[in-house]
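A.B. asks: The hints should help you fit chain B onto chain A, whose structure is shown.
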Amino acid sequence: MLSTWLTHETIRIVDSVDNWKQAVRLSAIPLLESEIISPSYIQAIYQMHEKIGPYYVLAPGIAMPHARPEEGVNKLGLSMLLVRNGVSFCSQDNDPVYLITMLAAPDNNSHLEMLTELAELFSKPTSMQAIFKADNVEQILSIVNQY
Amino acid sequence: MKIMAVCGSGLGSSFMVELNIKKVLKKINKEADVSHADLASATPDAADLFIMTKDLAASSGIPADKLIVLNNIIDINDLEAKLVTYFDNH
Chain A
1 MLSTWLTHET IRIVDSVDNW KQAVRLSAIP LLESEIISPS YIQAIYQMHE
51 KIGPYYVLAP GIAMPHARPE EGVNKLGLSM LLVRNGVSFC SQDNDPVYLI
101 TMLAAPDNNS HLEMLTELAE LFSKPTSMQA IFKADNVEQI LSIVNQY
Chain B
1 MKIMAVCGSG LGSSFMVELN IKKVLKKINK EADVSHADLA SATPDAADLF
51 IMTKDLAASS GIPADKLIVL NNIIDINDLE AKLVTYFDNH
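In order, the protein sequence lines correspond to chains A and B. In case it helps, this note's numbering puts the first sequence at residues 1 to 147. In case it helps, this note's numbering puts the second sequence at residues 1 to 90.
Don't read these hints as lab results, they were simulated from the structure. Nothing here was measured: the structure is a model prediction, and the numbers come from that model. A couple of the hints might just be wrong.
Under the rule of at most 25 Å between Cα atoms (straight-line distance), these lysine-lysine pairs were calculated in the DSS-like manner [stated by the list, open to error]:
1. B/K2 / A/K124
2. A/K51 / B/K66
3. A/K51 / B/K54
4. A/K124 / B/K82
5. B/K82 / B/K30
6. A/K124 / B/K22
7. B/K82 / B/K23
8. B/K27 / B/K2
9. B/K66 / B/K2
10. B/K66 / B/K54
11. B/K22 / B/K54
12. A/K51 / A/K21
13. A/K124 / B/K27
14. A/K124 / B/K54
15. A/K21 / A/K133
16. B/K22 / B/K2
17. B/K54 / A/K21
18. B/K22 / B/K82
19. A/K124 / B/K26
20. B/K27 / B/K66
Example chain B residues on the side facing chain A (calculated, C-beta under 7 Å, incomplete) [said to hold, decoys possible]:
21. C7
22. S9
23. L11
24. G12
25. S13
26. L19
27. P44
28. D55
29. V69
30. N71
31. N72
32. I73
33. I74
34. Y86
Glycine included, C-beta positions come from ideal geometry on N, C-alpha and C.
Next up, chain A with everything else stripped away, as it sits in the complex:
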């Protein structure tokens, strides 16, 4: 169940951000606070983005920033940041991005079930539109809890 990972503590909503780096940093806060990731994980995402482009922007409006387990992941975790006004990730086909879901995987396998459920959610346009338009965390949770 996605609700194991996505909770009142790990989902946040803001109206706007200055840029993609701020969006990634804000999406990481719940994971940093609970020590699921260390600050180096965010730097690893920035560096890879600058090297190979916005590799983690999955589809229109959806980004899933993540790096390798050895780059600062302590435990399995997931967080969500909704940016109501959207933000550019320099992704030609998928900007603006509204939902930033940070993935923290401690190894190559333990996140596969979580990711399978997340893929189901991301591939349902009606659910995603409802999340993009959510006014509060409760509304996002009510959708997430279906997966």
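C.D. replies: For chain B alone, coordinates are given in the frame of chain A:
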């Protein structure tokens, strides 16, 4: 045959693509050994067909006839159309 879904880290997006490839193969009744990996592991000999996004395709060094380029990682219809075209031509 071997199909490899590729992303920057070999963890997140490539696994989502792997799931979709398996769904499409089932639907179009084709069999393949599907895996996911990071860009560094995606050497031309590692699989018969590589599937990745436009962002990565240019720097991958994979020959065009072994490559499917996706615009959108979770658009399963786009993936199906491109896989069907690939199987028609091979």
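A.B. asks: If a hint holds in the structure, say so; if it does not, say that too.
C.D. replies: Structure-based check of each hint:
| no. | hint | result |
| --- | --- | --- |
| 1 | B/K2 / A/K124 | violated (28 Å) |
| 2 | A/K51 / B/K66 | holds (24 Å) |
| 3 | A/K51 / B/K54 | holds (14 Å) |
| 4 | A/K124 / B/K82 | holds (21 Å) |
| 5 | B/K82 / B/K30 | holds (14 Å) |
| 6 | A/K124 / B/K22 | holds (18 Å) |
| 7 | B/K82 / B/K23 | holds (14 Å) |
| 8 | B/K27 / B/K2 | holds (18 Å) |
| 9 | B/K66 / B/K2 | holds (11 Å) |
| 10 | B/K66 / B/K54 | holds (14 Å) |
| 11 | B/K22 / B/K54 | holds (21 Å) |
| 12 | A/K51 / A/K21 | holds (14 Å) |
| 13 | A/K124 / B/K27 | holds (18 Å) |
| 14 | A/K124 / B/K54 | holds (23 Å) |
| 15 | A/K21 / A/K133 | holds (22 Å) |
| 16 | B/K22 / B/K2 | holds (12 Å) |
| 17 | B/K54 / A/K21 | holds (22 Å) |
| 18 | B/K22 / B/K82 | holds (14 Å) |
| 19 | A/K124 / B/K26 | holds (20 Å) |
| 20 | B/K27 / B/K66 | holds (22 Å) |
| 21 | C7 | holds (6 Å) |
| 22 | S9 | holds (5 Å) |
| 23 | L11 | holds (5 Å) |
| 24 | G12 | holds (4 Å) |
| 25 | S13 | holds (6 Å) |
| 26 | L19 | holds (5 Å) |
| 27 | P44 | violated (18 Å) |
| 28 | D55 | holds (4 Å) |
| 29 | V69 | violated (11 Å) |
| 30 | N71 | holds (5 Å) |
| 31 | N72 | holds (5 Å) |
| 32 | I73 | holds (4 Å) |
| 33 | I74 | holds (5 Å) |
| 34 | Y86 | violated (21 Å) |
When each numbered hint is compared with the structure, violations occur for hints 1, 27, 29, 34.
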